[in-house]
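Peer 1: Protein chains in written order, with this note's numbering: chain A, 1 to 387; chain B, 1 to 583.
Just so you know, these hints were derived from the structure itself, not from any lab. Please read these numbers as outputs of a predicted model, since none were measured by experiment. Every residue, glycine too, gets a C-beta built ideally from N, C-alpha and C. There could be a bad hint or two in this list.
Said to hold, decoys possible - Derived EDC-like pairs: lysine to aspartate or glutamate, alpha-carbon spacing no greater than 16 Å straight-line:
1. B:K564 - A:E242
2. A:K304 - B:D222
3. B:K116 - B:D24
To be verified - Now the stretches of chain B that chain A is said to cover, found in silico as 3 or more residues with beta-carbon under 8 Å:
4. 30–36
5. 161–175
6. 272–278
7. 426–440
8. 489–500
9. 555–563
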Amino acid sequence: MKRLCDKYATKLVTQGLAAPNDPIIGGLDAELVWNRPDPRIEEFTKLFDVLSINSLVFSKPAEPYATILDFLAGRTKSAIRPEDTETRTFLHDIPICREFTASAMEVNLKKRKAVIIPGEGIISCGTVSPEQGFVFYSSTIFACFVLFFSDYLNKLRNKTLDDEYREIFQRVVKNLPQPHTTLPQQVSGPFTDEDTVLAAMAESGRHVVGYGLVDSFFGNISYKLNGTVYISQTGSSLEELEGCIDPCPMDGSATTGLTASSELSAHEDVYRRSNYRCILHGHPKFSVIMSMYCDKQDCPNRGKCHIKCTECRTVEGIPIVPGEVGTGPTGLCNTLPPAIASSGSAIVHGHGLFTAGLNDFNKAFERLLDIENQCRKHYFNMVKSYE
Amino acid sequence: MKECFGWTGTVLLIDLTTKEVTLDHPDPAIYRKYIGGRGLAGHYLSPHATREWADPTLPILIFTGPLTGTLAPTSGRGTIMSRSPLTGAICDTSVGGRLATQLKYAGYDGLIITGKSDTPCGIEILDSEVQITPSNLHGATSNEVFTHLESSILTGASVACIGPAAENGSRLASIMVDRHHSAGRGGLGLIWAEKNLKYLMVKGTGETHVHDMDALKETREDIFRLTAASPVLMGQHGFSCWGTGSLFDLMDSRSMMPTDNFQKTRFPNAHQLNAAAYKKKFVSQKHGCSGCHILCKKIAQDGRPIPEYEAMAHFTALIGNHNIDLVLDANDVCNQLGMDPISVGSTLACHREITGQEYTQKSLMNALHKMAQGDDLGHGSFFFANTCGRSETSMSVKGMDLPAYDPRGAYGMALAYATSTRGGCHLRAYPLSHEVLRKPVATDRFSFSGKARIIKIAEDINAIVDSLTACRFTFLAASLEEYTKAFIAVTGVQISGQDLLETGERIYYNERIMNAANGFSASDDDLPARFFTEPGTSGGGVDIPPLDRTEFLAARANYYRVRKLDENGNPTPEITKRLGLDQ
Ligand code: SF4
Numbered sequence: 001m002k003r004l005c006d007k008y009a010t011k012l013v014t015q016g017l018a019a020p021n022d023p024i025i026g027g028l029d030a031e032l033v034w035n036r037p038d039p040r041i042e043e044f045t046k047l048f049d050v051l052s053i054n055s056l057v058f059s060k061p062a063e064p065y066a067t068i069l070d071f072l073a074g075r076t077k078s079a080i081r082p083e084d085t086e087t088r089t090f091l092h093d094i095p096i097c098r099e100f101t102a103s104a105m106e107v108n109l110k111k112r113k114a115v116i117i118p119g120e121g122i123i124s125c126g127t128v129s130p131e132q133g134f135v136f137y138s139s140t141i142f143a144c145f146v147l148f149f150s151d152y153l154n155k156l157r158n159k160t161l162d163d164e165y166r167e168i169f170q171r172v173v174k175n176l177p178q179p180h181t182t183l184p185q186q187v188s189g190p191f192t193d194e195d196t197v198l199a200a201m202a203e204s205g206r207h208v209v210g211y212g213l214v215d216s217f218f219g220n221i222s223y224k225l226n227g228t229v230y231i232s233q234t235g236s237s238l239e240e241l242e243g244c245i246d247p248c249p250m251d252g253s254a255t256t257g258l259t260a261s262s263e264l265s266a267h268e269d270v271y272r273r274s275n276y277r278c279i280l281h282g283h284p285k286f287s288v289i290m291s292m293y294c295d296k297q298d299c300p301n302r303g304k305c306h307i308k309c310t311e312c313r314t315v316e317g318i319p320i321v322p323g324e325v326g327t328g329p330t331g332l333c334n335t336l337p338p339a340i341a342s343s344g345s346a347i348v349h350g351h352g353l354f355t356a357g358l359n360d361f362n363k364a365f366e367r368l369l370d371i372e373n374q375c376r377k378h379y380f381n382m383v384k385s386y387e
Numbered sequence: 001m002k003e004c005f006g007w008t009g010t011v012l013l014i015d016l017t018t019k020e021v022t023l024d025h026p027d028p029a030i031y032r033k034y035i036g037g038r039g040l041a042g043h044y045l046s047p048h049a050t051r052e053w054a055d056p057t058l059p060i061l062i063f064t065g066p067l068t069g070t071l072a073p074t075s076g077r078g079t080i081m082s083r084s085p086l087t088g089a090i091c092d093t094s095v096g097g098r099l100a101t102q103l104k105y106a107g108y109d110g111l112i113i114t115g116k117s118d119t120p121c122g123i124e125i126l127d128s129e130v131q132i133t134p135s136n137l138h139g140a141t142s143n144e145v146f147t148h149l150e151s152s153i154l155t156g157a158s159v160a161c162i163g164p165a166a167e168n169g170s171r172l173a174s175i176m177v178d179r180h181h182s183a184g185r186g187g188l189g190l191i192w193a194e195k196n197l198k199y200l201m202v203k204g205t206g207e208t209h210v211h212d213m214d215a216l217k218e219t220r221e222d223i224f225r226l227t228a229a230s231p232v233l234m235g236q237h238g239f240s241c242w243g244t245g246s247l248f249d250l251m252d253s254r255s256m257m258p259t260d261n262f263q264k265t266r267f268p269n270a271h272q273l274n275a276a277a278y279k280k281k282f283v284s285q286k287h288g289c290s291g292c293h294i295l296c297k298k299i300a301q302d303g304r305p306i307p308e309y310e311a312m313a314h315f316t317a318l319i320g321n322h323n324i325d326l327v328l329d330a331n332d333v334c335n336q337l338g339m340d341p342i343s344v345g346s347t348l349a350c351h352r353e354i355t356g357q358e359y360t361q362k363s364l365m366n367a368l369h370k371m372a373q374g375d376d377l378g379h380g381s382f383f384f385a386n387t388c389g390r391s392e393t394s395m396s397v398k399g400m401d402l403p404a405y406d407p408r409g410a411y412g413m414a415l416a417y418a419t420s421t422r423g424g425c426h427l428r429a430y431p432l433s434h435e436v437l438r439k440p441v442a443t444d445r446f447s448f449s450g451k452a453r454i455i456k457i458a459e460d461i462n463a464i465v466d467s468l469t470a471c472r473f474t475f476l477a478a479s480l481e482e483y484t485k486a487f488i489a490v491t492g493v494q495i496s497g498q499d500l501l502e503t504g505e506r507i508y509y510n511e512r513i514m515n516a517a518n519g520f521s522a523s524d525d526d527l528p529a530r531f532f533t534e535p536g537t538s539g540g541g542v543d544i545p546p547l548d549r550t551e552f553l554a555a556r557a558n559y560y561r562v563r564k565l566d567e568n569g570n571p572t573p574e575i576t577k578r579l580g581l582d583q
């Protein structure tokens, strides 16, 4: 347990989600262990007595996230309700807890997976591993970031922006990490054997996370070799893919894809429709923000854009398609493959960016990074144009 | 009870000896305390838990939950519960089909059957009309019962029945529901036979009243969205497309396929007997329980069900059979004769190990029919191995045969098997979800670290799932958070998921209390010695050594601490009181 607590404390820091030495992570089997001592542990310990959990993750987010969260919490009564796909599907909403006491945290954690305590941080918990707390913590940051930037642009456009938002926005923008401009060196394809495929996928997964194009747990990656799609497993961490890739024969002769990413169908369909051999999927923040921006104010589908949008929308020439996670009737498996097969990349509304490559992950990665950088540039150009 | 949202407020009691039919209206506090399904059935079983299975006063309990018959996804399931003739422990089975929904629509939260009819009988319920009817179906197979009753039953009615195995005294006797669903484990069919009850037919014309339909619809959408995003449920290799048989390839590739009576854990012929092979050979269609959108059951063109994963594995790898047609035949015969395919497969494997005899098509079918005629094999591997003086060949816990997940490949599963209140069962804590299927996140399957508390929490969650009632599989995607919203929407009772979990703890602890009253303790919370002395099949970069006994015992001791039992695994008066189980 201690090993897991340490692991996820380190991960929060290396992924830029928390400041060094800030995360407090506790894990309970028969004994309760913590990654480090801290006076606040006394209060957190009480939560283990009243909640059926086995782990707890707490930290103040790194900047600019702490500022964003505190700002949003300051303007919200009881819970933030972002509209990106991760929140719609998994978090539902994010409660605000205004007291740093176990009893107040308990009330909120009984309802939701992660809770914001303004000025203090995010607290989340798990029933099987600290990884759950880590995932909810990171999703909260992602969702709030997207909400903050989306709302800003909308308010600016609608001329409802106030000075406080303007000022906080400036502060947040100053603290944004600089975009990456150089590409990583990755092994060249096409690959002809399984071992090389697995190694290339693991390498690319590490770069996608290292470049901040996805928050570890989310996203997926695949490569097609001899009629078999090798794809990252559901809920795998892209920077730790060794042993977490499933071979899925496309002829339906085996069901080893039972633990494969929920996007397996979409990936397979792209391969059926094109000559691409690999697909990368990340959740780069500005691509997601731009996918949710639409100036068709009086659209009858507003509020349901993620499943109902019928417009041929693009951002910087990249198609934006609606679609939910998975294979339901409104699943992205229906909308994504034609879009990506024809252009090599597509963004799913509120969800993330998919890019493909003909031989190896170099081109797919280049597209992923380039589109995110273009979306970021486009966002700030729009901000400028409305000012 | 005053408010009639979710629950009907009425439990139906039928005494087959006196033919008396009475109604009970439990206090609302009882509903809050035990929710429904497995919880409420456990509450009613509690005073009778030490009665012998042949004692007419031992009740059979069939309970619905507050979500049964509502729009909440997969809520059409119910619980059948009693004391197991196979193990002597408490035993409940979550049962699908239409049974629970029809019972609820007839106006009942539960049905309690006691006594013994002097001649074979059926119970027929149409709303408030209850009839105990003499039956001339004694000895009939389940299909014969369904076909016979089909002409006389009302559209949409549910039928549950036993087959000849129960009537001939087999402790592996199941209860078949609506032709394709079974309450298989623990030999509960034998209690029906002992009461001279051949079948139960229920039809209701009412509905389940919902407190806040909009809120229920909202959470239903959330659950649909989550299940659609779940590879294991709705993915192209998931249960909805292939049935639970899609686990077959996965379990083999993870070296968890029990082969040759658990002497090996990989099956060389797996790729010829996987779900894809069934789909190709027996073009199948989807089928499922009332109120379910997942529809994990698969029915072959000729009307026979495609076996569940456990039967697929136990009728092949476990017993050395490579004939796919024979698997379908064996599974179908089990359904017809009314026997639990998991225990049947395990007992056949035990017999093969002891005698060294391989099965042919003919000998296998003969063995099945003999089991159903009351042969020694028909009492399960524990009984049979002991009769042969070879107890070490019975792969069972508390006398209940293990299903098709080798515990050397998933240590949480090892602990869960050992501590399960109904014996060798993977469903109580269902650690498969995180150790293999990666939900909610993956855990290290080759480690006991953290598993004690994980198992305890999962047992509590699943006690609630079985009490609400909902299907265990949905929780591979949704969580208690969504189902708590559904519970509040349906009943109007304001409660948190964590409060429901505490209720789950009560339901589970109550089962430990009943088992302790029947003499179960730490020595029963154990695995067959084979798992501590023999390795599984290593390969493909994965090593499968025997389980480390010291580590296992330490994990079990941790479990007792977390579950707040004494060091012998027995309930303590202090916790019994805290959970309100001392009254
Ligand atoms: S998933 Fe399968 S077992 Fe569960 S309710 Fe649906 S059909 Fe029944």
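Peer 1: Looking at the structure, which of the earlier hints fail to hold?
Peer 2: 1, 3, 4, 5
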